[in-house]
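Asker: In order, the protein sequences belong to chains Z, X and P.
One gets the working numbering by counting positions in the first sequence from 1 and adding 122 to each.
One gets the working numbering by counting positions in the second sequence from 1 and adding 2 to each.
One gets the working numbering by counting positions in the third sequence from 1 and adding 11 to each.
Be careful, since some hints might not be right.
[Stated by the list, open to error] Simulated coverage check for chain Z against chain X, where a stretch passes if three residues somewhere in it have a Cβ under 8 Å from a Cβ of chain X:
#	segment
1	181 to 195
2	202 to 210
[Stated by the list, open to error] Pairwise CB distance ranges (calculated):
#	chain 1	residue 1	chain 2	residue 2	range
3	Z	LEU207	X	PHE26	43 to 49 Å
4	X	CYS326	P	TYR124	48 to 54 Å
5	X	PRO501	Z	LEU207	39 to 45 Å
6	X	PRO238	P	TYR134	24 to 30 Å
7	P	GLY166	X	SER153	18 to 24 Å
8	P	TYR134	X	MET368	54 to 60 Å
9	P	TRP143	X	THR156	34 to 40 Å
10	X	ILE230	Z	LEU207	26 to 32 Å
11	X	TYR325	P	SER147	48 to 54 Å
12	X	LYS286	P	PHE181	43 to 49 Å
13	P	ILE81	X	ALA70	54 to 60 Å
14	P	ILE81	Z	GLY176	23 to 29 Å
15	Z	GLY176	P	GLU28	54 to 60 Å
16	X	ALA70	P	ALA151	36 to 42 Å
Derived by calculation from the structure, the hints in this document are not laboratory data.
We put the CB at the ideal spot given by N, CA and C, even for glycine.
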Amino acid sequence: MTAPRLSRRTYVFAYLALLALTLITTLIAYLNLGVWSTVIAIGIATVMASIVAGIMMHALYESLLIRIIVSGGIIWFFFMITLTLGDYISRGWLPVPGK
Amino acid sequence: MIEAVPVEVEKNYLTEKQGVLSWFLTTDHKRIAILYTVAVTALFFLGGFFALMMRLELLSPRNWLVSAETYNKLFTMHGIIMVWFFLIPSIPNTLGNFVMPMALGAKDLAFPKLNLLSWYVFMFAAAVTVYALFRGGVDTGWTFYTPFSTSYSTTYVVAAAVGIFISGFSSILTGLNFIATTHKMRAPGLTWYRLPIFVWSMYATSLILVLATPVLAITLLMVAVERIFQVGIFDPALGGDPVLFQHMFWFYSHPAVYIMVLPAMAVVSEIIPAFARKPLFGYKAVAWSSIAIATLGFLVWGHHMFTAGTSVYSAMVFSFLSYCIAVPSAIKVFNWAATIYKGSISWDTPMLYAIGFVGLFTIGGMTGLFLAALGFDVHVQDTYFVVAHFHYIMVGGTVMAFLGGVHYWWPKISGKMYPEGLARVCAIVVFLGFNLTFFPQFVLGYLGMPRRYAAYPEEFQFLHILSTAGATILGVGYVAPLLYLLWAWKYAKPATSNPWRATGLEWKTPSPPPAHNFESTPVVNTRPYDYEAMKEELDLV
Amino acid sequence: MSDPVALELREQFATPEQQRETASAGMWIFLMTEVLMFGALFSAYTVYRILHPQGFALGSSEMDILLGSINTAILLTTSLMMAFAESNAQEGNERWLAICLIAVMLLGAVFLYVKFSEYIEHYHEHKAPGFWFEDSSPYANNVQLFFVFYFIMTGLHAVHMIIGIGIMAFLLFRTWVGSFSAQYHTPIVIGGLYWHFVDIVWIFLYAIFYLPGLHR
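Work out the full structure: start from the sequences and follow the hints.
Answerer: Below, the structure is given as structure tokens:
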């Protein structure tokens with residue numbers, strides 16, 4: 123498999139999209155949407171990260187191996203944060219002090 | 003007149019280049035493996051010395067040899083040295099480094115310079131840690147639990163943490179190297195299902211090294227920041243949470259147990275088929291169970307924290323997942339047993355160690371299930387039951403397999419055999435000494451003897467004396483192989499290229515191998531562990 | 012004339028293609044260790060933000076959104092320059108490759124300058140954690156915790172930026188001595204992967220440190 127090649131046009135479009143998303147996420151952050159503020163901020167950040175990874179780093183055009191490596195890192199991060207938060211969120215569900 | 007023809011001596015990796023610099027600047031994976039072997043052996047005996055001091059202290063119910071403070075430092079330094087500077091690098095960086103590229107039919111690892119760099123990083127880390135030790139040691143236990151380590155301990159916590167932080171880079175570089183090598187450096191025809199289990203298990207180990215180590219690094223960094231600035235990361239008075247430290251620490255340190263035991267399984271999976279003269283039973287199941295262990299190993303860390311104040315629901319999930327990981331472990335044990343069944347077994351030293359491993363690992367694994375049970379764990383938490391359990395896995399498992407692997411590949415590494423009779427006696431001495439040391443500790447723990455105490459009630463003395471006696475025997479069993487292997491390096495009789503008549507590409511090249519492993523790149527067109535085909539070949543000869 | 016690609020082939024590889032793919036896989040694996048490292052800090056931050064929502068909101072409101080946004084835009088621009096550097100390398104256009112690398116380094120330096128002036132500002136406002144930290148709100152300890160994570164995470168990111176600029180300087184040197192050609196320019200791609208990744212980290216840091224304090 124040869125190295126993926128993307129045109130400068132694609133990069134420029136990705137760049138403009140990233141700038142636009144930065145502006146959007148900053149403007150939305152001025153609204154108080156409660157918990158949704160965080161969800162939207164992280165959601166837009168994830169989209170932006172995907173554009174950088176997928177196009178600038180051309181992960182979308184890479185071999186299966188690279189895509190497995192990338193998904194591995196992300197899945198393992200979710201293992202960590204899910205099981206850790208699982209403990210903190212479920213504390214206090216049982217009406218026994220300290221449980 | 004017959005002209006004298008000079009005998010052409012084949013150059014091998016040991017004779018290719020001469021001089022001290024040729025070792026310290028080498029990028030040959032085989033030489034780096036030997037550099038690592040020297041380093042971890044020295045550190046093993048340093049850690050072993052601390053263990054011996056502890057066992058001597060525990061002969062008497064009162065402090066008679068060392069003070070309680072010194073005892074705290076002894077078990078801490080024993081843990082730190084053994085976990086990070088022996089067990090984690092032991093098999094991957096010595097045997098793995100030596101064998102894996104050859105088992106793949108490759109000339110070297112994918113990144114030879116990174117491999118050398120990882121050794122230097124490791125040595126630097128070891129130097130920093132040993133410095134902390136000589137400046138006065140650390141007394142937090144190898145787990146660095148907060149808030150004791152961050153707010154109360156007056157010992158060299160930061161220096162030790164920095165040492166371990168640096169050793170993490172060495173782990174990451176090795177893991178990264180092995181993963182890239184396994185994916186990209188296989189010989190033509192060597193498909194995934196033709197790989198020896200050794201490579202599969204090393205691959206699984208590397209996954210853990212790469213994915214878990216960075217979390218430890220950052221956790222220790224936070225401990226150092228908290229200790230220096232007292233800014234409340236883990237201090238409840240300032241809004242921090244000590245349990246969060248435990249979450250992050252065990253996210254690394256539980257998978258680290260599998261970093262230690264998966265390579266041991268790798269070695270045993272090579273030895274058992276070779277000495278039972280049978281293909282490994284259930285090859286695919288054994289291969290995938292390594293990956294399953296590496297994955298599930300990340301989902302069970304909460305079982306170290308059942309009594310630490312985590313929520314009941316979280317504890318239930320972790321308990322369930324801990325039971326799940328017994329499944330792939332059991333798959334391996336059953337398949338090894340099935341491989342031995344009706345095999346034509348020869349009781350050479352590597353096989354003795356391998357059989358010992360299977361038995362001791364099974365005991366260690368089964369007691370792990372006790373500890374995964376929420377009720378029973380509360381009873382034996384922080385007792386000698388836990389100590390005995392993980393020593394059955396780490397000493398009975400990893401160290402036994404390490405010794406077995408060293409004997410198995412010794413002819414390939416040194417080009418010499420070793421004294422077989424003496425080695426067999428030592429293998430049996432190690433097995434007996436080990437059981438005498440650690441089996442009484444199960445009983446002690448069940449009776450309620452807590453870990454990490456220098457003094458104890460008199461009723462426990464008999465069991466402690468048994469344990470110390472066993473440790474002495476074990477010590478002899480560890481020193482003897484060091485001595486006779488050093489002797490064998492120089493004086494034993496030369497080995498043939500394949501003394502065990504084993505399959506695997508590393509046996510298809512001379513002993514010791516040439517600098518680039520193979521005369522020509524091998525091509526593989528058979529399944530692994532094809533001892534039946536080999537038997538036919540040998541019968542024909 | 013020797014083939015430039017063959018010259019760069021290390022002895023353990025059979026083909027240049029194998030070498031390139033291995034190098035790329037190695038870098039991606041390394042980046043995944045970085046994901047887990049920043050991920051651990053991100054998890055810890057999340058736990059504390061759930062435990063102390065008010066303190067973290069107060070801490071975030073101390074951030075200068077203008078400087079943060081400018082820095083985000085600067086980093087995104089460096090990513091574009093890096094991508095252009097790669098295109099120029101593929102075309103064998105060494106002159107423009109060098110110009111793009113210089114642009115990446117300069118913009119990276121501007122980012123660091125802005126970042127450090129922010130740090131100095133926080134220090135003068137007594138928001139740097141430690142004994143000089145002062146806060147009059149009832150959530151002072153939690154605000155301090157927010158700043159601990161802010162300094163560790165952005166600090167670690169800044170360290171990565173400095174290393175990245177070092178890598179760019181090394182690549183520039185190798186471009187200058189003529190190591191790269193349309194056939195062989197793997198180090199540019201590998202270095203680019205690292206640079207883009209540092210960019211991704213900042214995108215998340217911007218979202219968790221700068222944005223939550225905007226609405227009160």
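Asker: Could you check the hint for me, namely that P/GLY166 and X/SER153 are 18 to 24 Å apart, CB to CB?
Answerer: 23 Å, holds
Asker: Given the range 43 to 49 Å, decide if the beta-carbon distance of X/LYS286 to P/PHE181 lies inside it.
Answerer: 45 Å, holds
Asker: Okay, P/ILE81 versus Z/GLY176 on CB: inside 23 to 29 Å?
Answerer: 25 Å, holds
Asker: Please count how many residues of the segment 202 to 210 of chain Z have a CB within 8 Å of a CB from chain X and say whether that reaches 3.
Answerer: holds (count 6)
Asker: Take the C-beta atom of X/PRO501 and the C-beta atom of Z/LEU207, compute their distance, and say whether it sits inside 39 to 45 Å.
Answerer: The hinted range 39 to 45 Å is violated for X/PRO501 and Z/LEU207, with Cβ atoms some 54 Å apart.
Asker: Is it true that the C-beta distance of Z/GLY176 to P/GLU28 lies inside 54 to 60 Å, as the hint says?
Answerer: 23 Å, violated
Asker: With 34 to 40 Å as the target window, see if P/TRP143 and X/THR156 comply at their CB atoms.
Answerer: 25 Å, violated
Asker: Do at least three Cβ atoms from the segment 181 to 195 of chain Z come closer than 8 Å to Cβ atoms of chain X?
Answerer: With 3 residues close enough to chain X, the hint holds.
Asker: Would you say the C-beta atoms of X/ILE230 and Z/LEU207 sit inside 26 to 32 Å of each other?
Answerer: Since the Cβ atoms of X/ILE230 and Z/LEU207 sit about 28 Å apart, the hinted range of 26 to 32 Å holds.
Asker: Are X/TYR325 and P/SER147 spaced within 48 to 54 Å by their CB atoms?
Answerer: 52 Å, holds
Asker: Between X/PRO238 and P/TYR134, does the beta-carbon spacing fit 24 to 30 Å?
Answerer: 27 Å, holds
Asker: State, for the Cβ atoms of P/ILE81 and X/ALA70, whether the hinted interval 54 to 60 Å holds or is violated.
Answerer: 58 Å, holds
The structure shown violates the earlier hints numbered 5, 9, 15.
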